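Enquirer: Protein sequence lines correspond, in order, to chains Y and E. With the first sequence counted from 1, adding 2 to any position gets you this note's numbering. With the second sequence counted from 1, adding 1465 to any position gets you this note's numbering.
Think of the hints as simulated: they come from the structure by calculation, not from any bench. Please read these numbers as outputs of a predicted model, since none were measured by experiment. Accuracy of the hints is not assured; some may be wrong.
[To be verified] In silico SDA-like links for lysine to any residue, alpha-carbon gap of 20 Å or less:
1) K1666/E / T63/Y
2) K1682/E / S1644/E
3) K146/Y / I1734/E
4) K1654/E / E129/Y
5) K87/Y / L1579/E
6) K1682/E / R1750/E
7) K118/Y / K1682/E
8) K1666/E / E73/Y
9) K118/Y / L1579/E
10) K1666/E / L122/Y
11) K1654/E / R91/Y
12) K1654/E / L72/Y
13) K1682/E / L122/Y
14) K118/Y / R1661/E
15) K118/Y / W1672/E
16) K87/Y / R1661/E
17) K1654/E / Q100/Y
18) K118/Y / T1759/E
19) K1666/E / G121/Y
20) K146/Y / F1531/E
21) K1666/E / Y25/Y
22) K118/Y / M1697/E
23) K1654/E / R107/Y
24) K118/Y / I1734/E
25) K118/Y / Q100/Y
26) K1682/E / L1579/E
27) K118/Y / L1677/E
28) K1654/E / K87/Y
29) K1654/E / T63/Y
30) K1682/E / I1734/E
31) K1654/E / Y25/Y
32) K146/Y / K1654/E
33) K46/Y / R32/Y
34) K118/Y / K130/Y
35) K118/Y / A170/Y
36) K130/Y / R1664/E
37) K146/Y / L1677/E
38) K1666/E / L1677/E
39) K1666/E / R91/Y
40) K1720/E / I1734/E
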Amino acid sequence: MTSDYSYQLHETLVHLEGVSKSYDGVPVLRDVNLEIKNLVRPGKEQGQVVALLGPSGVGKTTLFRIIAGLETPDTGQVLMGGEQKPVRRGQIGVVAQQYPLFAHRTILGNLLVAGKQVGLSGSAAREKADDLLKRFGVAGQGGKYPSQLSGGQRQRVAIAQQFMCSDAFLLMDEPFSGLDILAQETLIRFIHDIAAQDELMTFILITHDISAALQIADTVWVLGRDRDEAGKAVPGARVQASVNLIERGLAWHDNISSMPEFAQLRQEIRDLYPRL
Amino acid sequence: MKTNLPVTPQSDGSPVLISATHSSDALKVGDRKPKASEGPLALFLPNRRVGMPLLLVAALVEAALFLLLWILSPFKVLPQPMEVVTALSDLWKNQGLGQELGTSFALNIEALALSTVLSLGMAYLTVIPVFRPLVTAISKGRFLSLAGFTLVFTLIFGGGAPLKLSLLTFAITVFFVTSMASVIAAIPKSEFEHARTLRMKEARIVWEVVVLGTADKAFEVLRQNAAMGWMMLASIEIISRGQGGIGVMLENERKYAAYAAVYAIQLVILLVGMMQDFGIEWLRRLFCPYSVLTLERK
């Protein structure tokens, strides 16, 4: 366990600026604002993991699609990278809930076709694909088809495919959904390991799973709806709370989930859920 | 407390519950070992896995029962199996069945090739909205009788062989394009979005998701429509008798109530159709091996 929590926040990497979205006149997101800054730990190579938490049906998937550039907000914008330009689809790696892969291509074929999209030569794409498969513990599976993989392997290959195109950002929608406790722990370790490999590596996880989010993230935003005076939910979710887990001593060390502070924070957020 | 769960020793000798070593990683859908084939009783139970030898026995028994029913049929007008075999021999040796079959087979293959190109092309074009009404209108052609098209097709393509080819191509295409357009319309939005997250341009998405992504289904649609081609072939050959063909032969025998010959010709069409079916399925497995990996019955 380490007690070194010193860090600095540098330039903004992702900025959601007043993002709102309605469907058929019903607001789903309302003025969502948040900023992810480059987190630097002196003397350490460290990326970061942030989580957007919220109960089911609150608008997390809509926000996921907007951050991914797959959908345009009605108002507001998502700004990305050092130059803070509006997000374009493909700029950020995206792993949807069902870990999509091309069923008609082998695992290696899935990675190579992704490499081709960013202009990698055949040999460069092959080299990068082999390296990713090895790093992600799926070396030797390159000749298989996606349907021949386990859920965990498929998840890692889906992430590897996105890393063929995008090196720095990875947006994941409900990554813990449907995983048993051991698979969940494996994924948490895996994301931690990958995030630790590059200072600019940023994972954005969108999930309803409070426990998993708190185990893995450095910062958590809680998304939810306001209540009117009668206690009725006002349509349109926005950021209701943000938690800096580093400041609370709940980041960057093992066995976080066994700490009393962890249980307390989990309960605090859990108590928020019925009102969101 | 004792447990009934199996245990396995660790390197330090301490026991570990085997169940605790399992994770979802251990589940490999495509890698699972096939279950052992079951006994003859499994033939009568739902969703059972039976080996090929047992299935072959079942097929032979069913064929024998069919033959028995045929032989014992109370309909005296129906020819007996041996009469059909004799008629088949006569048709083959003396009436040029082989040659007529070749003519029809060539026509069917040519029409199938043309309609495959046309249908797939039109179905893929449905990704562009402006083509959708046109393709929908063409697919409605399956409600129309071919007789109504004889005149217009004769005017456009001429009579004889071109007429037969155009009629059969049209007949297959209207069904083929309907099925294939449905396959494309059923591609989930998530597959397009997945391709978009990989920075694919829309033209590349059409190739990856629409063309390659539905290739296995295209083979299945082709297989179904190739069979329908044989069903429609006889009527088309009768519309334009000029070049002969198995349909003309069938119609001639039917006109003279030579039912043994009629069934003999039907039998030949059935055998050719089954081989065609097998061939297309073989091609699907060759080019799209992924399409059978997760099937219960491979």
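Enquirer: For each hint, tell me whether it holds in the structure or not.
Expert: How the hints compare with the structure:
{"no.": "1", "hint": "K1666/E / T63/Y", "result": "violated, 23 Å"}
{"no.": "2", "hint": "K1682/E / S1644/E", "result": "holds, 10 Å"}
{"no.": "3", "hint": "K146/Y / I1734/E", "result": "violated, 40 Å"}
{"no.": "4", "hint": "K1654/E / E129/Y", "result": "violated, 31 Å"}
{"no.": "5", "hint": "K87/Y / L1579/E", "result": "violated, 50 Å"}
{"no.": "6", "hint": "K1682/E / R1750/E", "result": "holds, 11 Å"}
{"no.": "7", "hint": "K118/Y / K1682/E", "result": "violated, 26 Å"}
{"no.": "8", "hint": "K1666/E / E73/Y", "result": "holds, 16 Å"}
{"no.": "9", "hint": "K118/Y / L1579/E", "result": "violated, 33 Å"}
{"no.": "10", "hint": "K1666/E / L122/Y", "result": "holds, 16 Å"}
{"no.": "11", "hint": "K1654/E / R91/Y", "result": "holds, 15 Å"}
{"no.": "12", "hint": "K1654/E / L72/Y", "result": "holds, 11 Å"}
{"no.": "13", "hint": "K1682/E / L122/Y", "result": "violated, 31 Å"}
{"no.": "14", "hint": "K118/Y / R1661/E", "result": "holds, 13 Å"}
{"no.": "15", "hint": "K118/Y / W1672/E", "result": "holds, 14 Å"}
{"no.": "16", "hint": "K87/Y / R1661/E", "result": "holds, 19 Å"}
{"no.": "17", "hint": "K1654/E / Q100/Y", "result": "holds, 13 Å"}
{"no.": "18", "hint": "K118/Y / T1759/E", "result": "violated, 28 Å"}
{"no.": "19", "hint": "K1666/E / G121/Y", "result": "holds, 13 Å"}
{"no.": "20", "hint": "K146/Y / F1531/E", "result": "violated, 44 Å"}
{"no.": "21", "hint": "K1666/E / Y25/Y", "result": "violated, 27 Å"}
{"no.": "22", "hint": "K118/Y / M1697/E", "result": "violated, 46 Å"}
{"no.": "23", "hint": "K1654/E / R107/Y", "result": "holds, 19 Å"}
{"no.": "24", "hint": "K118/Y / I1734/E", "result": "violated, 48 Å"}
{"no.": "25", "hint": "K118/Y / Q100/Y", "result": "violated, 23 Å"}
{"no.": "26", "hint": "K1682/E / L1579/E", "result": "holds, 18 Å"}
{"no.": "27", "hint": "K118/Y / L1677/E", "result": "holds, 16 Å"}
{"no.": "28", "hint": "K1654/E / K87/Y", "result": "violated, 27 Å"}
{"no.": "29", "hint": "K1654/E / T63/Y", "result": "holds, 14 Å"}
{"no.": "30", "hint": "K1682/E / I1734/E", "result": "violated, 25 Å"}
{"no.": "31", "hint": "K1654/E / Y25/Y", "result": "holds, 17 Å"}
{"no.": "32", "hint": "K146/Y / K1654/E", "result": "violated, 25 Å"}
{"no.": "33", "hint": "K46/Y / R32/Y", "result": "violated, 37 Å"}
{"no.": "34", "hint": "K118/Y / K130/Y", "result": "holds, 11 Å"}
{"no.": "35", "hint": "K118/Y / A170/Y", "result": "holds, 18 Å"}
{"no.": "36", "hint": "K130/Y / R1664/E", "result": "holds, 17 Å"}
{"no.": "37", "hint": "K146/Y / L1677/E", "result": "holds, 17 Å"}
{"no.": "38", "hint": "K1666/E / L1677/E", "result": "holds, 15 Å"}
{"no.": "39", "hint": "K1666/E / R91/Y", "result": "holds, 11 Å"}
{"no.": "40", "hint": "K1720/E / I1734/E", "result": "holds, 19 Å"}
Hint compliance for this structure: hints 1, 3, 4, 5, 7, 9, 13, 18, 20, 21, 22, 24, 25, 28, 30, 32 and 33 are not met, and every other hint is.
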